[in-house]
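J.: As a plain string of letters, each chain reads:
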Amino acid sequence: MPETLKQPEMSSSSSLKGEWVSEPPRRDTGHVLPDWYQQIQADSWHSFLETPEPTRKDQDWRFADLKKIRFERITPVGSSIEQGAIVKRFRSNRVESSIGHCLFVNGEVVDSDFSKLPEGVICLEINEALATHSDLVKEHFMQDPVRLGSEKFATLHGSATLNGIFIHVPKNIVIDGPIEIHHFNGGEATGNFPHTLIVAEANSFVSVIENFETISEDDSPITIGMVDLDARDGGKIQYASLQNNGPKAKHMQINASRIGRDSQVKNCFVNLGSAWVRNEAVSRMIDTGADSQMFSANLANSKEEYDQRTLQLHEAQHTTSDLLYKNALYDQSRTIFSGLIQVGENAHHTDSYQTCRNMLGSDEAEANAMPGLEIDADQVKCSHGSTSGQISDEEIFYLKARGIPAERARRMISFGFLNEVIQRLAGDGVKEFIGEKVEAKFRAI
Amino acid sequence: MSDQATLDAVNIADTGDFSYPEDYKHDAGTGLNEGVLDYISDIKKEADWVRDFRKRALKVFNDKPMPTHWASKDLENIVFQNIRYYLAKGQTPTRSWDEVPDDVKETFERLGIPEKERKFLAGVEAQFDSEAAYSNVKEELTKEGVVFVNSTEGLREHPEIFRKWFGKVIPTGDNKFSALNSAVFSGGSFIYVPPGVKVKHPLQAYFRINAENFGQFERTLIIVDEGAEVTYMEGCTAPKFETATLHSAVVELVAMKDAKIQYITVQNWSNNVFNLVTKRGIAHENAEIRWIDCNIGSRLTMKYPGVIMKGRKARGEVISIALANDGQHQDTGAKMIHAADETTSNVIAKSISVGTGRSTYRGQVHIPKHLKGCKNNTECDALLINTNSRTDTYPAITVKGNQHATQHEASVSQVSEDQIFYMKQRGLNEAEAMSLSVNGFINDLAREFPMEYSVELKRLIDLQMEGSVG
Numbered sequence: 000m001p002e003t004l005k006q007p008e009m010s011s012s013s014s015l016k017g018e019w020v021s022e023p024p025r026r027d028t029g030h031v032l033p034d035w036y037q038q039i040q041a042d043s044w045h046s047f048l049e050t051p052e053p054t055r056k057d058q059d060w061r062f063a064d065l066k067k068i069r070f071e072r073i074t075p076v077g078s079s080i081e082q083g084a085i086v087k088r089f090r091s092n093r094v095e096s097s098i099g100h101c102l103f104v105n106g107e108v109v110d111s112d113f114s115k116l117p118e119g120v121i122c123l124e125i126n127e128a129l130a131t132h133s134d135l136v137k138e139h140f141m142q143d144p145v146r147l148g149s150e151k152f153a154t155l156h157g158s159a160t161l162n163g164i165f166i167h168v169p170k171n172i173v174i175d176g177p178i179e180i181h182h183f184n185g186g187e188a189t190g191n192f193p194h195t196l197i198v199a200e201a202n203s204f205v206s207v208i209e210n211f212e213t214i215s216e217d218d219s220p221i222t223i224g225m226v227d228l229d230a231r232d233g234g235k236i237q238y239a240s241l242q243n244n245g246p247k248a249k250h251m252q253i254n255a256s257r258i259g260r261d262s263q264v265k266n267c268f269v270n271l272g273s274a275w276v277r278n279e280a281v282s283r284m285i286d287t288g289a290d291s292q293m294f295s296a297n298l299a300n301s302k303e304e305y306d307q308r309t310l311q312l313h314e315a316q317h318t319t320s321d322l323l324y325k326n327a328l329y330d331q332s333r334t335i336f337s338g339l340i341q342v343g344e345n346a347h348h349t350d351s352y353q354t355c356r357n358m359l360g361s362d363e364a365e366a367n368a369m370p371g372l373e374i375d376a377d378q379v380k381c382s383h384g385s386t387s388g389q390i391s392d393e394e395i396f397y398l399k400a401r402g403i404p405a406e407r408a409r410r411m412i413s414f415g416f417l418n419e420v421i422q423r424l425a426g427d428g429v430k431e432f433i434g435e436k437v438e439a440k441f442r443a444i
Numbered sequence: 000m001s002d003q004a005t006l007d008a009v010n011i012a013d014t015g016d017f018s019y020p021e022d023y024k025h026d027a028g029t030g031l032n033e034g035v036l037d038y039i040s041d042i043k044k045e046a047d048w049v050r051d052f053r054k055r056a057l058k059v060f061n062d063k064p065m066p067t068h069w070a071s072k073d074l075e076n077i078v079f080q081n082i083r084y085y086l087a088k089g090q091t092p093t094r095s096w097d098e099v100p101d102d103v104k105e106t107f108e109r110l111g112i113p114e115k116e117r118k119f120l121a122g123v124e125a126q127f128d129s130e131a132a133y134s135n136v137k138e139e140l141t142k143e144g145v146v147f148v149n150s151t152e153g154l155r156e157h158p159e160i161f162r163k164w165f166g167k168v169i170p171t172g173d174n175k176f177s178a179l180n181s182a183v184f185s186g187g188s189f190i191y192v193p194p195g196v197k198v199k200h201p202l203q204a205y206f207r208i209n210a211e212n213f214g215q216f217e218r219t220l221i222i223v224d225e226g227a228e229v230t231y232m233e234g235c236t237a238p239k240f241e242t243a244t245l246h247s248a249v250v251e252l253v254a255m256k257d258a259k260i261q262y263i264t265v266q267n268w269s270n271n272v273f274n275l276v277t278k279r280g281i282a283h284e285n286a287e288i289r290w291i292d293c294n295i296g297s298r299l300t301m302k303y304p305g306v307i308m309k310g311r312k313a314r315g316e317v318i319s320i321a322l323a324n325d326g327q328h329q330d331t332g333a334k335m336i337h338a339a340d341e342t343t344s345n346v347i348a349k350s351i352s353v354g355t356g357r358s359t360y361r362g363q364v365h366i367p368k369h370l371k372g373c374k375n376n377t378e379c380d381a382l383l384i385n386t387n388s389r390t391d392t393y394p395a396i397t398v399k400g401n402q403h404a405t406q407h408e409a410s411v412s413q414v415s416e417d418q419i420f421y422m423k424q425r426g427l428n429e430a431e432a433m434s435l436s437v438n439g440f441i442n443d444l445a446r447e448f449p450m451e452y453s454v455e456l457k458r459l460i461d462l463q464m465e466g467s468v469g
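Line by line, the protein sequences are chains E and P. Numbering (numbering that gives the first Met the number 0) for the first sequence: 0 to 444. Numbering (numbering that gives the first Met the number 0) for the second sequence: 0 to 469.
No lab work stands behind these hints, which were simulated from the structure alone. Bear in mind that the values here come from a model prediction, so they are computed numbers and not experimental data. There may be inaccurate statements among the hints.
Said to hold, decoys possible - Just some of the chain E residues that point at chain P, by a computed CB distance under 8 Å:
id	residue
1	R25
2	T28
3	G29
4	P53
5	N357
6	S361
7	A366
8	M369
9	L372
10	D377
11	Q378
12	G384
13	Q389
In this text, a Cβ means the ideal position worked out from N, Cα and C, and glycines have one as well.
The shape of chain P in the complex, shown without the other chains:
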């Protein structure tokens, strides 16, 4: 790696690791109780049904046990009473970049957000702790009827669109963390794309945690009407604090007949964030939902994007890259529920474990009785870099009936000494050779990401691989 390239790579990693002094106008304090929910509802001037929804969810959250009978015991280290559930500067999202408070602006500028927008994004929303700081949708999209707002605005201004599906794809009681999100959600994107509208450029959201002990609980709901198409990208960063931080989002996607949704995530939380996210989509007849998911950051990520294929010929896909470095556990996977004839799903997951990092694939494929012509393909490949790296694979496949085909394959390997030797012989040093080899391993998946993300991904991997040889 040339010196300049190394510096660039280092710069990328540094971009997220800074924070600004806290001067929040709204702060719900630490701990979780009904008062916190009322506080959030009051600030957001929410309708009674939303308030009730939050309170019901809190009860569910309190009743549900931690899923530690199958998941990592590390979950027990989350102290819910030490977390701050709502923090905001009292800003309403601004349409103009100039109006954004200076420190927030600087934060996002360091992350390169307005720049990206200028380049090619159709719309962007940036969330700073609990609330969106900046939100903009290009005019022509608004004219076509595309709605791209935050969750507060979505539920308040457009209940006729969003209420029908809100909390329906992922019910409150789905798991402990979806219940927590349902109780204290704030921010996130609510998007509606009217029939036939094909949004050419991706919509984008950036999530940023700035305060220590803060939990971010954004809520995203994307409804794409008949024959419409959209691509949505999200990125996440946080500075490294002394204490652990919690991020627990709920993302619901609804693809109506013939619609297409592509949801891209590049998760680069600092490595003391618990990232416990529930993501699921419903695909109606002939619709397609693709989750493209890349997890590089966080201390523990538990994320299994799912697709319920509800209509005939619906398609679901999960493409996942996970990189677990020292002290990290990337517990990711996919959930494919076939609920109609001739539905097809595809899962391709690649993980890399470096140092003491641990990556886990957990998958579920379910094909119920009396359906015809369902197909699933699952491939998971793991690469182990060091002797103390660890990888696990736990798929579960249920097939009922004799008119389907499923296949699952997994393999574990490491960078072969032959490959490294070959490259060294051609003048690369060991670190470069390793980097090249790892990038080759994920190359076919990295191509699925938009260009600037795949470049960033490549750099992040180069950087993560530094000093890992041996």
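So that you can see chain E by itself, here it is in the shape it has in the complex:
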């Protein structure tokens, strides 16, 4: 470690309410990490110790149940587990037509194959990329500040040993078929820090699906993931995250998209499991013609809490964005949607939409919606909408009259409700993979 690194005193951690961790959650990856990155890790750890936990007064945590993030401890990933069974499980559970894959078990690569990717595409495990493509990674790595309240989580993420994939698509390369990344996590309160970084150069296209599962239903991993998406000069990225953890997991994901001239990023969250989920997504439209598509389909039951915050940031003229978040709620589940469209001072001719729809399937479920607008420009078309309701008796009656039992009718309508989001994704394989998982969860409710 270079001498310039300042190691902060540990004593300042005593001010924390929850204990979280007592030292940076790092392990040896076998790669020599560049100095700039080690400095980020050290600085992040320092900030982590300085940053207070969110409080009830933080607007970014309004309606959130803060008890869920009073982590007593986040344990480092421990003993190795039987990997053969997981590889088998993964093989029977692939995204059709995928062009490359990587399987992580507790943060370590167990199986991967990127040999079919077109020439010129860089697709590497993130630590390997840090070691071999230091400058390229540096240009895009965690470039945007965390804006939606999770500084505490982001700094811990920055200080930790990451796992994930770095993808760089050179100009004019259209990757035919999705890249799939699978994370299987186990253990008790084990910290897991996935980081996905995708860069699409001029007129390129890449589709990535990231799938999160727990190894067994009893596992309770704490995932704090970040995703950086950078599309420029007509580049296009589709990123979909499917979170299908067991009921004890806690899952956080902070996504930052930077969208350049005539470029597009599609960012989709699908949540089916976990006791607590927080998704933050920021899309920055930084040049003319930038387009952001943000979707989410969530199926919450038992006592799950899904907390989603979004920001559509229009920084240039003639940019567009659309957002559709849908929640189906059962049992005593809670969802929070807080979205903001911000149209900057010079971002004239912005066209921006935001919709959140909640379908409540039980008398004890709770849906919170805070759709927001901040407009500081002219010639802007902006609107948002939010609705909460339930399946009407007429709809059920209609299907029953056609011979479909009420139970099944209910499921069909609920699935259709979420399917609208899934259908907005590109790629049959991706849609099918997510659709099947959603249907399976409906059957289990």
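Fit chain P to the given chain E structure using the hints.
T.: Showing chain P alone in chain E's frame:
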């Protein structure tokens, strides 16, 4: 716009911007401490419980932080120690217009108050700084048992009616400014309408700040008993002083079973008044509370009228128009708390931002667990006139349970070039076309206001829009 119309419009704006020399008999001085509260209580000869109420409120006020973690930082510019909390000419409200001191009379005559009364009002009260200068209720109403007095008289003469609800709808600790009001309140209207009485004509109050650095803290409590109905209108003006002035009112409404209350506000404070008002109503079974709110003046307005729907089938409604011109921030909204089955609420808010004006909608809709058949509809539309105008929308909607329906919609747009072109082609100039278009935007809401208010509103908007094109 024809020359005459322009002149008329200008005249309207001028009506509020004048002040008279100060010759107050009672002046509590600047700054806030227990002594000020005692001074107010002594002058008003208040009962001990009111005195204690004020002192408790002062403690709450001092303990509460400014809500700047979510609200505008402009609040930090209020210097509470530079404000005068009580000023009065020592007048008791007179029943006859002739007895009102000349300068006060002239003030209100310039604002057109007795004239309005002659026309159609059932009762009127005019407040000059801290105290009501003039108060009159038509005889037949008094006979029917309607009480329409100021807060001092209400608490002193009719505690049996008002004490029960005073400070109950909006508790002292609700927010920093409701606590401030509870400590130093003076003036305002206390109204009681007995069961079954339907007050045909609106009751009206006018509020006027005349002195520099003065804070006006009126307190209004309206109780409408079973099956009764009332409409209440208030208007506010102040001359433009060099330094900022504070207006912080608390308005509590209680609608008993089957009662109806309609509360209309046209706020046209000069644009250095901080207007920080807490307004809330409780609607019992099958009762209806409507807030019709128009904010045109002030430097910063923060006002979110609320309805707590406590009884089955209660209804709440907020209709709001905000116009933010250069240097103004209209931070308005609505709060709908559903606390019983089959309650319905409706919020329609329209805002217009001109020049560097900023308008903000903040809303809260809350439907708790185990209720049935609650409905909410919220619509907020914003119109931006200039490139540097700004608008924000921050609603928060909580729905628990699966037997409700809520919908929220907001949109932001600007006057379309096509529309302006169309009108110009038909001989209107650009300013007229803009005015017409803006008036069209709020027209469906303006109709909710009584006629002379909606005419005034239209003129004010025409005037505010002058020179704003480009």
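J.: All the hints need checking, so say for each whether the structure fits it.
T.: Hints and how they fare:
no., hint, verdict
1, R25, "35 Å, violated"
2, T28, "41 Å, violated"
3, G29, "46 Å, violated"
4, P53, "12 Å, violated"
5, N357, "7 Å, holds"
6, S361, "6 Å, holds"
7, A366, "5 Å, holds"
8, M369, "5 Å, holds"
9, L372, "4 Å, holds"
10, D377, "4 Å, holds"
11, Q378, "6 Å, holds"
12, G384, "5 Å, holds"
13, Q389, "4 Å, holds"
The earlier numbered hints that this structure contradicts are 1, 2, 3, 4.
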